[in-house]
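K.L.:
Here the UniProt record's numbering is used: position 13 in the sequence shown is 13, and no number is missing along the way.
To be clear, the hints were calculated from the coordinates, so they are not data collected in a lab.
Here the structure is a predicted model, which means the values were calculated and not measured.
For every residue, glycine included, the Cβ atom is placed at its ideal position computed from N, Cα and C.
Keep in mind that the hints are not guaranteed to be accurate.
[Claimed, not checked] In silico PhoX-like pairs for lysine-lysine, Cα to Cα no more than 20 Å straight-line:
hint: 1; residue 1: Lys94; residue 2: Lys158
hint: 2; residue 1: Lys48; residue 2: Lys229
hint: 3; residue 1: Lys167; residue 2: Lys37
hint: 4; residue 1: Lys158; residue 2: Lys37
hint: 5; residue 1: Lys87; residue 2: Lys98
hint: 6; residue 1: Lys83; residue 2: Lys54
hint: 7; residue 1: Lys229; residue 2: Lys326
hint: 8; residue 1: Lys54; residue 2: Lys37
hint: 9; residue 1: Lys154; residue 2: Lys94
hint: 10; residue 1: Lys229; residue 2: Lys97
hint: 11; residue 1: Lys37; residue 2: Lys83
hint: 12; residue 1: Lys298; residue 2: Lys326
hint: 13; residue 1: Lys54; residue 2: Lys98
hint: 14; residue 1: Lys54; residue 2: Lys298
[Stated by the list, open to error] Here are the simulated distance ranges between beta carbons:
hint: 15; residue 1: Ser55; residue 2: Glu182; range: 18 to 24 Å
hint: 16; residue 1: Phe180; residue 2: Gln276; range: 32 to 38 Å
hint: 17; residue 1: Gly261; residue 2: Ala126; range: 23 to 29 Å
hint: 18; residue 1: Tyr90; residue 2: Thr324; range: 20 to 26 Å
hint: 19; residue 1: Glu73; residue 2: Asn286; range: 53 to 59 Å
hint: 20; residue 1: Pro29; residue 2: Asp226; range: 57 to 63 Å
hint: 21; residue 1: Lys245; residue 2: Leu194; range: 35 to 41 Å
hint: 22; residue 1: Ala297; residue 2: Glu69; range: 43 to 49 Å
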Amino acid sequence: MKKKSGDFFAALKSIILPESNDHRPANGPVTNNVILKELLDCFENSCKRESVGKSLLFNMHYLIILHPEVYEERLPSLPIIVKEALKAFYNSLKRYKKNYDELSPVSFHWQFRFAPGTDFNQEKIAVDDVRVIGMLTGLKPMGSGAGDRHNTAKVTMKSKATNVFDKMDINLDVLRHLHFAENGTFTVKFNPELHVTNVAVTNNTVQKTARNADAGLARIECYMADKSKELVYVMKDTEIVIARKEPENLGYSNYLLIESGFVSNPHARIRWNEAQQSFQIASFSNNETRVNETVIAKSEAGNPRWFDLNDKSQVLLNGMVTLTLKQL
């Protein structure tokens, strides 16, 4: 039988344009499973891109933007979508954990914030669109300062050019017109045992721990001797970055930004070690870092060397900036 010309062009197309992993028909409906798949794809990408050395890092905060009609239609299903997403995330972490020495969640909680919208990042949101934006930790509250208006943040989201998830910068202005209502916001405590403890996820559920993460883990008082300035930072994430105040860092809530030329970018990381019930610090600066007069060794980016921080410990950065950590 003579092969039809259409068969030839179909075969040629399959060679030039490989079959997509997204099995949703073009312009198909946004179902619960479609939203779930977008969340999982974003999460998987972050595991591969954010992990450092033998530490497994991953996005814990997600913004999900749907067309208003779809948002209203899916609203009753959102708690179940969140629960199923967490099940999938934990299963992936169990698989990845075999190749890493430790999990390094940078927040005590997962957060999912759904919002209706008709445009985002200069793109129209149609009824068959889903926009998922993933972040290691939450954004700073918008409008918290006069300089916020042109802040950018690094996020994981789909690229227009490739239609696959990638790491990129967004201007926070693109989020200002979106309304993240309470009934579309879900906050769930991270479980180090890697399973969902809640039978049903409820809106804005925050499980209390022995340490109240909402009030903060520690208060860090900073004194900049070169400028005779002081600032206070409340540590709410399980791991924070200490860095020089630069435009590219302004969008992160887990950055302690110091306006001093004596601070490196980044300079150090401080974390709460749940297993040891203690704070620890690792220095990544070529300049000296002291803890209570003891010089600590520099760490390589993929191999942090953690040094214990006791309550009211003092950290001296490059002989000019003093940090005093007070446990809350």
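K.L.:
Which constraints among the numbered hints does this structure fail? Numbers only, ascending.
P.N.:
1, 2, 6, 8, 9, 10, 12, 15, 17, 18, 22
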